[in-house]
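A.B. asks: Protein chains in written order, with the UniProt record's numbering: chain A, 1 to 324; chain B, 1 to 171.
If you're looking for bench data, these hints aren't it; they were derived computationally from the structure. Where a beta carbon is used, it is the ideal one built from N, C-alpha and C, also for glycine. Please note that a few of the clues may not be correct.
[To be verified] Pair ranges (Cβ atoms, derived): (1) L137/B / P288/A: 38 to 44 angstroms; (2) D130/A / L137/B: 32 to 38 angstroms; (3) E38/B / D9/A: 30 to 36 angstroms; (4) D135/A / A138/B: 20 to 26 angstroms; (5) D30/B / D66/A: 30 to 36 angstroms.
[Stated by the list, open to error] Derived coverage of chain B by chain A (criterion: at least 3 residues anywhere in the stretch with Cβ under 8 angstroms from a Cβ of chain A; other residues may be distant): (6) 16 to 22; (7) 47 to 55; (8) 115 to 126; (9) 130 to 139; (10) 153 to 162.
[As the list claims (entries may be wrong)] Quick partial rundown of chain A residues pointing at chain B, CB under 8 angstroms, derived from the structure: (11) D20; (12) M40; (13) V46; (14) E47; (15) G60; (16) N63; (17) A68; (18) A318.
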Amino acid sequence: MNARPQEFDAIDREAAQWVDRMNRPLHDAEVAAEFDRWIMQDPRHVESYARFQALWQSGGLQNALDAAAAGELDSADAEDTDVPNWAAQAWRQFAGFAAVALCFVVLVSFGARALVTEADYAATRGATRDVLLPDGSKVRMSGGARMSVRLTPWSREVALQSGEVFFDVAHEKLRTFSVHTGTSSVTVLGTAFDIDMVDRETRVVRVYRGLVSVDAGAGRQWRLPAGNGIEVGGGGVRSLGDVRGDHPGWIDGWFDADDTSVQRLVQRMNRGSDLPVVLDDPALGTLPVTGRFQISQPEMVLEALAAIHDLHWRREKARYVLSR
Amino acid sequence: MDRPAAVTQDWDAVRVTLLRYLRAKGAAPDLADDVAQETLARLIALSQTQQIGSLFALAFRIADNLIVDAKRRETRLFGDVDEEWESDDPSLDRVLDSRRALDVLSLCLRRMPPLRREVLIRRRLNHESCRAIGDDLAMSAKAVEKHITRGLLDLRQALERAGVDVSGEGR
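Next up, chain A with everything else stripped away, as it sits in the complex (with noise of 0.2 angstroms):
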């Protein structure tokens, strides 16, 4: 192996190397184009990259690794006897260095875990509620949203369990801050974003500052600067131009219908209301609006939704109805 030429050694310099780029959660657009033209290149190239990537994703490394980092390091003498002599006092030397990295890294877990700070918080239904976390990142939460934070000297997690929720993220140069949702994430390091949790498989993300990252899984990724939005679920993905402004609708009360369905606006519409709105026929769910709606003012909508599409509706004791 020692007599191969120069130009494979170059190779797989190159592939490891893409082997960590592409095990990346983001590629900028240049990354991965740049990264399809080196495979495309030379046919040695994704040969190489494949038995690096095998290497890295190998249960062979993960389990190698899993003893370094248990600190199994001190018991390896003993199976250490094929180590040439040479080695051998340069290995004492580095036992000494492992001592102190083992150290390090006992340290740098025991005082991470005072750092770290996990929290719930919940908006009741009908109201919003505004959060401030302890990075400085304020979050309003609409009505009915739920989300687990955890903080720790090195990241910024959010799991959003359900709703809509506005965050004005605190920038930081290198803690980044995720959202996860179950099925995508959002990835930044100080921007203004929404993101909404319409429903089991579909999420909303709207950039008002900054630029976010969504990662979809599968590789699915995409990067949208301030002013985009992007409609993630069912299988395919909707591109949503036009975000306005330096934050949602929602929280002055209105809601931007770009050919929405009648049940989103009204699932919008129940979120800050007191009385609920229903449909008489969940058909109705699946007429199209689109327009500026003041979701603050339930009966507004509705004469307004009555007008667009020869509607009816009456309020109750404890509800609205919109029927045909």
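Based on these hints, arrange chain B on the given structure of chain A.
C.D. replies: Just chain B now, with coordinates in the frame of chain A:
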């Protein structure tokens, strides 16, 4: 941002490259054919409805997942894969998961500069980003990247020197 979905691809070239990827990872010829075909079908369907960043990154990921699924089915059908069967068709994954490979990799990790080992542990086991690792260990993200690349080359070379066949040839 990303490649528009309407760009026409040379799907045949993609299929050939996928096959090469799968074969180099040690997939048996039949399995490689099936997986390449299925991956291509999904890729074409996705490319019609979505924007794809790196076509090959996505293709390899889909193929990797299909291989994992195939393995799971295989284990369900035959129970745990026994030694005998393993030596019949030593796919690269099985070679890399062997006791011998584990010993070689462990030894190589022990001999490596502690900092490099630390970087590998954080990146592969803890899935920390290069940036976060660099921050904690007081080095640039570029330096972290170099440690990982070098670490991978060391590990691969250790396997080759120990005679663990990772060439992916002859299968």
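A.B. asks: Please write out, lowest number first, the hints stated earlier that are contradicted by the structure.
C.D. replies: 1 and 18
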